[in-house]
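Peer 1: Here's the letter readout for the chains.
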Amino acid sequence: MTAIRTGVCIALCAAFIAGSAARAAGHDEAGMTPEEHAASAVVTRSTAHYQVPQIALVRDDGKQISLPQEMNDGRPVVLNFIFTSCGSICPLMSQVFGQFQQRLGADAQHVHLMSISTDPEEDTPERLTEYARQFGAGPQWQHYTGTLEASLTAQRAFGVYRGDKMSHAPVTLLRAAPGQPWRRIDGFITPDELVQEYRRLLAGQ
Amino acid sequence: MSWFRNIGACLPASEPLTAARDAGGIRRLPARLAALLLASALGSSVSAASAVLPGEEIYRHGILPSGDALHAEREGGIHVSGHAAACVNCHRRSGLGMREGRRTIPPVAGSYLFHPRAGPADDLDLPFVEGMRADRDPYTPETLARAIRSGVGADGKALSYLMPHYALGDEEMAQLIEYLKSLSPGDLPGVTPQVLHFATIITPDADPVQRRGMLDVLEKFFADKNHYTRAESPRLHSSRRMMFKVSRHWQLHVWQLTGTAETWEQQLRAKLAAEPVFAVLSGIGGTNWLPIHHFCEAQALPCLFPNVDVPVVAEEEFDNLYLSQGVVLEARLIAARLRENGESSAPRRIVQVFRTADAGKAGADALAKALAGTSMTVVNHALDAGAHERELRAAVRKAGAGDILVLWLRAEDVARLAAPPPGVDTAFLSGRMAGLERAPLPVSWRAVTHLTYPFDLPERRRIRVDYALGWFRIRQIPVVAEQVQADTYLACGLVSDAINHMADTFVRDYLVERLEEMLEHRVITGYYPRLALAPGQRFASKGGYLVHFADGVGTGLVAEGGWIVP
Chain A
1 MTAIRTGVCI ALCAAFIAGS AARAAGHDEA GMTPEEHAAS AVVTRSTAHY QVPQIALVRD
61 DGKQISLPQE MNDGRPVVLN FIFTSCGSIC PLMSQVFGQF QQRLGADAQH VHLMSISTDP
121 EEDTPERLTE YARQFGAGPQ WQHYTGTLEA SLTAQRAFGV YRGDKMSHAP VTLLRAAPGQ
181 PWRRIDGFIT PDELVQEYRR LLAGQ
Chain B
206 MSWFRNIGAC LPASEPLTAA RDAGGIRRLP ARLAALLLAS ALGSSVSAAS AVLPGEEIYR
266 HGILPSGDAL HAEREGGIHV SGHAAACVNC HRRSGLGMRE GRRTIPPVAG SYLFHPRAGP
326 ADDLDLPFVE GMRADRDPYT PETLARAIRS GVGADGKALS YLMPHYALGD EEMAQLIEYL
386 KSLSPGDLPG VTPQVLHFAT IITPDADPVQ RRGMLDVLEK FFADKNHYTR AESPRLHSSR
446 RMMFKVSRHW QLHVWQLTGT AETWEQQLRA KLAAEPVFAV LSGIGGTNWL PIHHFCEAQA
506 LPCLFPNVDV PVVAEEEFDN LYLSQGVVLE ARLIAARLRE NGESSAPRRI VQVFRTADAG
566 KAGADALAKA LAGTSMTVVN HALDAGAHER ELRAAVRKAG AGDILVLWLR AEDVARLAAP
626 PPGVDTAFLS GRMAGLERAP LPVSWRAVTH LTYPFDLPER RRIRVDYALG WFRIRQIPVV
686 AEQVQADTYL ACGLVSDAIN HMADTFVRDY LVERLEEMLE HRVITGYYPR LALAPGQRFA
746 SKGGYLVHFA DGVGTGLVAE GGWIVP
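Protein sequence lines, in the order shown, are assigned to chains A and B.
So in the working numbering, spot 36 of the first sequence is number 36, and the numbers just go up one at a time.
Positions in the second sequence are counted from 1; adding 205 to them yields the working numbering.
Heads up, a few of these hints could be off.
Claimed, not checked - Distance ranges between label pairs, derived from CB positions: (1) THR582(B) / GLY179(A): 49 to 57 Å; (2) ASP61(A) / SER701(B): 38 to 46 Å; (3) ALA48(A) / ARG417(B): 51 to 59 Å; (4) LEU152(A) / GLY675(B): 28 to 36 Å; (5) GLN64(A) / THR579(B): 32 to 40 Å.
Rather than coming from a laboratory, the hints here were simulated on the basis of the structure.
Note that beta-carbon positions come from the ideal geometry of N, C-alpha and C, so glycine has one too.
Please put together the full structure from these sequences, using the hints given.
Peer 2: Listed below in structure tokens is the structure:
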């Protein structure tokens, strides 16, 4: 045990020293200077083909649903992953969803906004309903929880799983119709940008 | 100034005038005295204890001194206000920031904003936190106000997109900046260059066997930590004073409380004054942990994973962390099962048996509360201290045909049960209280009893718990209360891991925040399948199983369904 402990000790110290040296030169671990890091509201767009996993989730009204059925009712889907205890990233993403709803106006009734919890043990339907209320969720925007396994399966299926909820990154996923590819947006987009993406996606059909 | 309205709500009533509010090294005395003078001048009936800086209301709650909500905007027209706009959400209570995914949120405690420009970061004599910046001109009050209002950094470059642009008047801005200065890590209580001081708190009504088992684990854990630490060895140094991990001697202070619960907070204040500690680790209680919980919250002293059957459920608070909700969780497991079954059948009568002076009372109360609003009637039979086998059996016999019995009993009482009353085909037993799979449940009960099991099942937790048991063997610790001792060992490991990652940054709030961030990564989680915390979550394990015995003898269990999160 001693050797391991000492080894860990040395390794940690080495890591600190290495990290400190990097910081000493003004670069962070990503190789970006703090200015670069700070200034970048980098948004990357890509297209992906995801398989909707055959899992059961629990909707914020308490009903158990099948994710494929819920997701493949014909409507365009806009999807993200949140947890209600999140302090920074999720409230911002949810605000964007809320404002996206508003800016769509009458068109909002045609879209299905879905937010899946990455902390299902904490995020009960009641908590999700309250969270949804805070962001002005309309009838077309639902939040989902369920078992831990189901949440992890969903996260993995859509390529957002990062090991634990705190390691998450902002991701928004859009799909025009069942069977179509997904538009993946990594980073923080504004409500206007999301509306643009959405209209572009529908038009491109 | 209407922030006085808030003072009453914020003040802990029991804090005496002279106690210095030592929240992770915050020095607030001058501001507090000023506030007190102002309070008495205005004839406020506020009790004379620690006052809250107005900047704290802005920082932690998004409330301006006027009582209005704080407002802010982000690029793209996103508006936030009130608590959602509060600085604490990203910069945390410690003001030291955090890491979320690949993003690092920088510290905003004054000393990190106002320090002179340094070359390499290691020339800064500040405790290391991720996101700290050395090679930047210090903020001035003007440039900091500009950063907060317009998102422009001290270097003239734009801050992160995540940072909102705040609407703050000049006076409000000054108050906020004053608060940021107060967050600077100052004197660190319970921390010297050589020693890290911890306390463990024990109530007089704690079970003596569990208490001994817990202390054995703590004492040996601390001895282990110190065995591999030479307090007299030089700090790992470079000529440029880099950030490094310092090995400190861990010292345990056992705070054994005496007498009645009303005196405990006073005893704790005296002990803390005499033996300043950095945090409270593990510990063990009986039925009432509230005085300890309240003390730690009032002192901003982390109280980490005590062994309690009856924790204090206050998720919006900060300093008290628990492994689970104990009997309260068990009550909710039972309620979840009853509600599940109850929808389709006729209303049932729930008959609860417990001892008034034990944790079962809290369990029974929690179950009654959870079933309020259903068609089920709850009847309680409380046994006092003088009740023995005769009274116990009489209470159990109060359940009639069709009733559901809920037994909140320790092993000694469980062993004394006579056969189930005729017609009672469903009983629940608190697994936690009765000894889990070792509960001496008589054969006649085994077919009808469901145990609440707020831990991982024995075969599933074997590998994780073998780790602890192996260590107990090597350290020659008698295993007299396996679950309590495993939980104690787990608490030690969790805190030790968090401290290892904190380098030299011994700020109490920061310890709690690091635990919140790190917990989910942990693989060795003892009796629990999974641990997780977050702001607004104070209980690391949130569910359990319902099980029954596999047969008439032995400790084999059968799980009824999967892990339930009630």
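Peer 1: Is the hinted range of 32 to 40 Å satisfied by the C-beta distance from GLN64(A) to THR579(B)?
Peer 2: violated, 21 Å
Peer 1: Cβ-Cβ distance between ALA48(A) and ARG417(B): within 51 to 59 Å?
Peer 2: Hint holds: Cβ distance 58 Å, inside 51 to 59 Å.
Peer 1: Using the beta carbons of THR582(B) and GLY179(A), state whether their distance is inside 49 to 57 Å or not.
Peer 2: 54 Å Cβ-Cβ, so the 49 to 57 Å window holds.
Peer 1: With 28 to 36 Å as the target window, see if LEU152(A) and GLY675(B) comply at their CB atoms.
Peer 2: holds, 30 Å
Peer 1: Could you see if the CB distance from ASP61(A) to SER701(B) stays within 38 to 46 Å?
Peer 2: Cβ of ASP61(A) to Cβ of SER701(B): about 43 Å, so the range 38 to 46 Å holds.
Hint violations for this structure: number 5 only, all remaining hints satisfied.
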